[in-house]
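Asker: Use these hints to put chains Y and Z onto chain R, whose structure you have.
Keeping their order, the protein sequence lines are chains R, Y and Z. Position 210 of the first sequence, counted from 1, bears residue number 209 in numbering that gives the first Met the number 0, the numbering being contiguous throughout. Position 151 of the second sequence, counted from 1, bears residue number 150 in numbering that gives the first Met the number 0, the numbering being contiguous throughout. Position 118 of the third sequence, counted from 1, bears residue number 117 in numbering that gives the first Met the number 0, the numbering being contiguous throughout.
For the record, the hints were derived by calculation from the structure and aren't laboratory data. Hints should not be assumed to be uniformly reliable.
To be verified - In silico lysine-lysine, DSBU-like type, Cα no more than 30 Å apart, as pairs:
(1) Y:Lys283 with Y:Lys209
(2) Z:Lys2 with Y:Lys235
(3) Y:Lys262 with Y:Lys397
(4) Z:Lys117 with Y:Lys82
(5) Z:Lys117 with Y:Lys300
Quantities reported herein were computed from a predicted structural model and do not represent experimental measurements.
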Amino acid sequence: MKKLSSAKKRTLFFIAIGWALLLIGDRIGELRQYQGSFVAMYGLAIASIILLTGYSGQLSLGHSALMAVGAYAGALSINNLHLHPVIALVIATFVAGLFGLLLGFGVARLSGPYLAGTTLALAVSLPTLANQFPILGGEQGVVFDVGLPPARFGENFSQYKWFFWISTLAVLLMLWLISNVLSSRYGRTFRAIRDNETAAALAGLNTGRLKVLAFAISSGMAGLAGGLLVMLISGVSPSAFPLSLSFSLLTGAVVTGIYSLRGVMLGGLVLVAIPEIADSLVTRIGGSEGFTATLPGFLVSALLILAVLFAPNGPGTLLHSFKKHS
Amino acid sequence: MIKNTRMKRFSIVSAVVAIGAMVITALPAQAAEPGLTSKEIKLGISTPLTGTAALSYGKVPGAMKAYFDFINANGGVYGRKIKLVVRDDKYLPTLAATQTTNLILKDRVFALVAALGTATHSKAYAAASLATKKVPDLFVNTGFSGFGNQTKYPTTFTVLPSYAMEAKIISKFVKDKFPGQAVALVAQDDEFGVDGVNGFAAGSLTLASKTLYPQGAMTDARAKALVTGLSAIPGKPVVILFGTTDVTALIFKAAESLNLVSKFTWIAGSVGGDANTLLALGVKPTTIDGAIAASFFPDAKDTTDEYVKVFSKINAKYNPGVSFDNVVLQGMNSAMLTVQALRAAGKNLTRAGLIKAIENKGSKFASAGLVPLNYSATSHIGYNGYWMGQLNAKGELKPYGGTLSVVTTDSTTGPITPSTYKRLSIPTNGIPTNS
Amino acid sequence: MIKLITAILTALTTGAIYALMSTALVLVWRSTRIINFAQAGQAVLSTYIGYEITVRTGSFWIGVVAAMIFGALLGAVIDRFFMRPIFKRIQSGPILMIAPVVATLGLLGIIQSIIGFKWGLTYQSLAAPVSTDGYTVLNRVIAFSPFNLLVVVFATVSMLLLTLLFQKTNIGLALRASAHSPEIARLSGIKVDFIRTLGWALAGAAGGLAGMLYIPSSYLYPNAMDVLLVFGFVAAVIGGLESLFGAVAGAMILGFAISFATSYVSEKLVFPMAFIMLIVVLLIKPAGIFSSKKIRKD
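Pulled out of the complex, with its shape left as it was, chain R reads as follows (with noise of 0.2 Å):
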C-alpha cells in the first residue's frame, strides 16, 4: 500500500514539474529554451553517470561513445528508415542500452580503474570509426531533423520551444522511469552492491548480472541523450562526440552529488551556464586576444576545482547533511 501511494506520488511530482516547464517554456525567450533543452538534455546524460558510478559503483569514461551509438541510431532512423523523430528517440535509447548491454558483459567484472581505461578506449575509438562506413556520413554526419512543430500550435511556436517541449518531455519521461526503477528492488541491490560488493554477493545477488543491467540501463539513458543532443545541433558528426565531452559528463556528476538523481537538472545547468558565464565575463574584463581566449578554459576549470575541493560528494549532500545536523 505505502509503496504505491510513493510511486503515485512520484508519478504526481513528475506531472507537475512537466506542466511547470512547458508553462516557462511559453515565457522564455528563444536562446532561453534553447539553452534549456541542453541542460535537459545534459540532465539527463549526467544521471546516466550517476546510475553507473553512483548506484552501482562503475566509473565509465565513455559515455561519449555510448551518446553517440544513440545518437547515430536516432539519425539512421529519421534519415534512411523516415521514421517520426520521436521513434527514433526511442531506437536511439534501446540500440544504445543494447550496445550497453554487450559491452556490459565484456567489461562490468572489471573494476574502477581497468573499467575507466576500456571506456576511456571506447571514447577515442567509436568516433573514429564513423568515417568507415559511408552510411554514417563520414564528417559530415548524418541530418538529424526533427522536423517543424506541429501546424496546430500556431504560428508563434518556435523551433526552439518545440526542442525545449520534446527535450524537457523525454528527459522527465526517462527520469520518472528510472526512479521508479531505483525504488523497486532493483535500486536496493544496486546500492548493496556499490556498498559492499562482498557481502551482496554473499546474500545470494547475483552481482555481475546486476552490474551489467546498470550498465545498460545507463547506456540507454546516454543513448537518448546523445539522440536530444543531435537533434539539438541538427545532426550527428564523430567530432560532436569527443573525449571531452565524456569529461563533461563526469564533472557535472560530481557537481550534482553522484549518490543521487536529486540534483541532476543543477548538473546540467552548470554545464550550460559555466562556460556563458565565462565568456561574458572575459568580455567584460576585455584584454589581448591570446588573453581573452585562453581565460574561458581558465575559469571554467578554477571553477571545477572549487567545486571538487569544497563539495566533492555534491552540494545535494552538502544540504542534505546540513539538513541533518539543524
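Answerer: Using the frame of chain R, we list chains Y and Z on its own:
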C-alpha cells in the same frame, strides 16, 4: 518516505533555481534589423580560438579584426564602425551550434562571417536557424562543396574553392605533367579525405596507393612507416598530401630522415601547403624546394604583389606581433570582401539587401584571389579554381613551369578550363570605395 | 622484409614513448590510487620550461635536467597542496573513483590555459640533440635514427634506475610499503605522506623526460601530449597498473599492436587497436597482464 519527500523538495528547489535563472536573464524584445545602429555594424564569427585546430586557424579572427580596425580608423562603412564578435567553438560541432546561436540570439549580430569547418558550421547553420532568420552567412572558411547548395544554405556564401575542385585540378595536372607515374594519396580521414577521394575519382586519377589516417594520430614514427611503404612503389611516384600543415611537415621530415625526399614528386594541398609554417615546423628548405602546391592566392611572401603589400602593412600596424602568412592573407581578404559587400548594400543596410548586393555585385569585388569570384543570383560559390606552383628553398611559391596558369572548374563533373580572369587592382590604400 | 623491419622499429620507438608516459601514470597510481589526467599538462609544461632553458643555454641536456627538476617540483606541489586537501574531504565509496578524475582534469585545463597565456597557441619546434637521419643498413636507410636510439636508451635506463630505486633502497621499500598498505606502513614509522609526494615527484620527473624526448619528433603546443596520455593510460592498464615492468610491457604490447595493425591492415586502426587490445587482455586477465593473482578491489 521521509527521504523521498526531501528528495522531491530538493528537486523542486533545483528546478525552480534553474528555471528562475533562465527567466530572469531573458532578453528584451527584438529590434527591426539586429546588430545595426547608425554608428555600428555588429558581425559575428564562430571559429576555434583554443584547442588543436586553433593552431592552424586561430589567426583568422585577429586578421579580420585588424582589417576592420583599419577601416574603422578610416571612417568605417558609411560612417558605421564594424564590430566583430568572436566566439570560440574549439572546432566542435556542439559548441559551433551553441556559439552561433549565441551570436544570433544573444549578441544579436547583423551577419556571420568566416565561420570555420564543415562538421561545425553545417550543424551551426541549421541549429541557429540561419535560413529561416535570413542571416547572411558570409565567406565560410571551408572547402566543403555542400555549402554552395542554395536550397540547403540559402544565405551562405562560400569563398574557398572546394576540396573537390582542388582534387580535380590536381588530377588533371598530374596526368598532364607526370604521365605514367604512379600516384599515392595521403589524406586526413575526414572531410579532406572524403571530398578529396571523391574529387580524385571525378578527375579519373588512378591511385596506386591511398592512405587515410585519423585526425590527431599521425606521429613521426607512423609517418616514417608510411613513407617507407610508399617507397616500394617503382619509379618516381607522385605523392599528394591532403591534410593539415603539421602532418605535411611530419611526412616531409620522415622522408628527410629516410633520405627519400628525392624519391618522390611531392604535391601539397592548399590546406597543408603553407611554406612559412612548414619551415617554422622544422622542415629543411631543401626538402620543400621543388615541392608542388595548389593555390588560388598570390604567394604570401610575394611582396611585389599589391594585395600582399597592403595587407602586410595593415597587419604590422593593427595586428602587431603576428607574422603574415596565408591564413592572415585569407582573413584580411575575407574582411575586405565583407567591407565591399556592406558598401554595395548601400546606406540603407538590411540583411536581405546585403545578400542581394553580393549576388548582384559580388563577382566585381576587388580581391586578392587570382581566380574569379562566382557570385550571382544562382551561385553563392566564391573562388572556383587554382593555379599550380612550385616552392623554392626560400618557401616562395612560383608558377609551375614559369608561367602562371589559372584554371577553373566546379565541384562535380564539369570540365577544367583555363581562366581569363583579370584580377582587379586593390582599392587605393586598401580602402574600398565601391557602392 | 623492409616492411616488417620498419613495423618493428616503429613499434619500438612508439612503445618507448608510451612507456615513459605509462610509467609516470603508474607511479602516481601506486602511491595515491589516482589516475592523473593532469599528467599530460604537467609533462607539457615541464617541456616548455625545458624548451626555454634549451633556447637560452643552447644545450638540450641542461633543458632535459631543467624539465625533470621542474616536473618533479610541480608533481610534489600538486600532491601536497592540491590532491591531499581534496582527499581529506572525500568520503569513501565511488566518489573516490570519480572525484580525482574530475580534479585532475580541472588541473589539466588550468595548466593548459597557463601555457596558452604564457606561450600562446602556436607550434614551437624543439630540435633534437642528435641526428634524426636514419641509420644506413645494407645500403638502405632504415626508420631508426640516432635520436630514436637515444629515446629507447633513455627510456630503458630510466626504467632500470627506477627499478633499482624500488628494489634496492630504503626509499623504494617505503614506496612499495605505502602503496600496498598505507596503514601498516604508517605504523611501522614510514612517513606515508612524504612518500606519496615522492611518488608524484618521480612521476613528474618521468613526465618531463617523456616530453623532452617526445617533442623533438613532434611539436610543442598546449595539447601536445593529450593523445599520448590516452595511449599511456591504456598501456598502463594493459600492464596491470601496479608494476613498472607491467607499464613498460603494456606500452610495448600496445606499440607493437598499433604498428602492425596500421602497417598491415589500415592506418585507420590507430585508436580502435587500443580498445581491441584492452578488451582482449582484460577478458583474459581482468586486472592486466602483470597483476598478481588476486584482483585488487580498490
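Asker: Taking the hints in turn, state whether each one holds.
Answerer: Do the hints match the structure? See the list:
At most 30 Å may separate the alpha-carbon atoms for a hinted pair to count; Y:Lys283 and Y:Lys209 meet this at roughly 26 Å. Distance restraint check for Z:Lys2 and Y:Lys235: the Cα-Cα separation of roughly 19 Å lies within the 30 Å cut-off, and the hinted pair is therefore satisfied. At roughly 22 Å between alpha-carbon atoms, Y:Lys262 and Y:Lys397 fall within 30 Å of each other, so this suggested pair holds. Our distance criterion of 30 Å between C-alpha atoms is met by Z:Lys117 and Y:Lys82, whose separation comes to about 27 Å.
Taking the CA atoms of Z:Lys117 and Y:Lys300, the gap is near 28 Å; set against the 30 Å cutoff, the hint holds.
This entry satisfies every hint, going by the numbered hints stated previously.
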